[in-house]
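Trainee: Heads up: the sequence lines are chains U and L, in that order.
My numbering puts the first residue of the first sequence at 1, with every later residue one more than the last.
My numbering puts the first residue of the second sequence at 1, with every later residue one more than the last.
In case anyone wonders, no lab produced these hints; they're calculated from the structure.
Using N, Cα and C, we set each Cβ at its ideal position, and we do this for glycine too.
There's no promise every hint is true.
[Said to hold, decoys possible] Facing chain L, a subset of chain U residues (Cβ under 8 Å, in silico):
hint: 1; residue: V75
hint: 2; residue: V77
hint: 3; residue: P89
hint: 4; residue: L111
There are 2 protein chains.
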Amino acid sequence: MAADTALDVATRYYQAWTTKNIDAAMSYIADDIVCDAPAGRIKGVADYRAFLAPFAEMLISTDLIASFGDDTTAVLVYDTQTPPVASAPGAECVTVEDGKIIYSRFIFDRLPFDQARQ
Amino acid sequence: MAADTALDVATRYYQAWTTKNIDAAMSYIADDIVCDAPAGRIKGVADYRAFLAPFAEMLISTDLIASFGDDTTAVLVYDTQTPPVASAPGAECVTVEDGKIIYSRFIFDRLPFDQARQ
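Can you make the complete structure from the sequences, with help from the hints?
Mentor: Here's what the structure looks like:
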């Protein structure tokens, strides 16, 4: 049986977190993940969960716009709807090793969330 | 000869704008492009140029992180360095038709640029 591709892993992770199955999502995240997010670098699965879970919890809907990948890298582009921001697209570019995401570049616009808080 | 893929077109467009060849970059943009950017929808190549050119002009460097695509869609993920913001990653998810980009979802974090202006 062929090993899961990076895109397989990223897609399952995405389907889990966008349906608020945070435990399932974290099963695809390496313990020592490094994530370069808009607010700075996040290290380790505990801090990654603390970053992602509150956002996942407030999701109203998501829409996968595009997903591509090769053996080691995958990119997901999607839109999200939450109470503070009606449309907040994001992109995650992840590196996968042994079935887990070990690095992520996480891109979204913080400005509308910042404005909603003020 | 096979037609150019969406990724071929997106890659040439990216190589052009990130080397400040704005005319060359615009040759890959459809006249009636629709671009959903962080600040809202941009319509038409003139407004798209007015959006992209000032940013391209201030580029110090860029680094292509990942690029993928199929016949109609391509995604580029990259980092940019400009005087106001040392690291501003972006993602462009584009739809290509007849060799030109007709739709783009453009994702980046406006917050550091907003903060640099204040």
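Trainee: So, for every hint listed, does it hold in this structure?
Mentor: Hints versus structure:
Interface restraint check: V75 of chain U against chain L, minimum CB-CB distance 5 Å, threshold 8 Å, status holds. Nearest Cβ of chain L to the Cβ of V77 of chain U: about 4 Å, under the 8 Å cut. The hint holds. Against a cut-off of 8 Å between C-beta atoms, the interface hint on P89 of chain U holds, since the closest Cβ of chain L lies about 5 Å away. Hint on L111 of chain U holds. Least Cβ distance to chain L is approximately 4 Å, under the 8 Å limit.
Violated hints: none; the structure is consistent with every hint.
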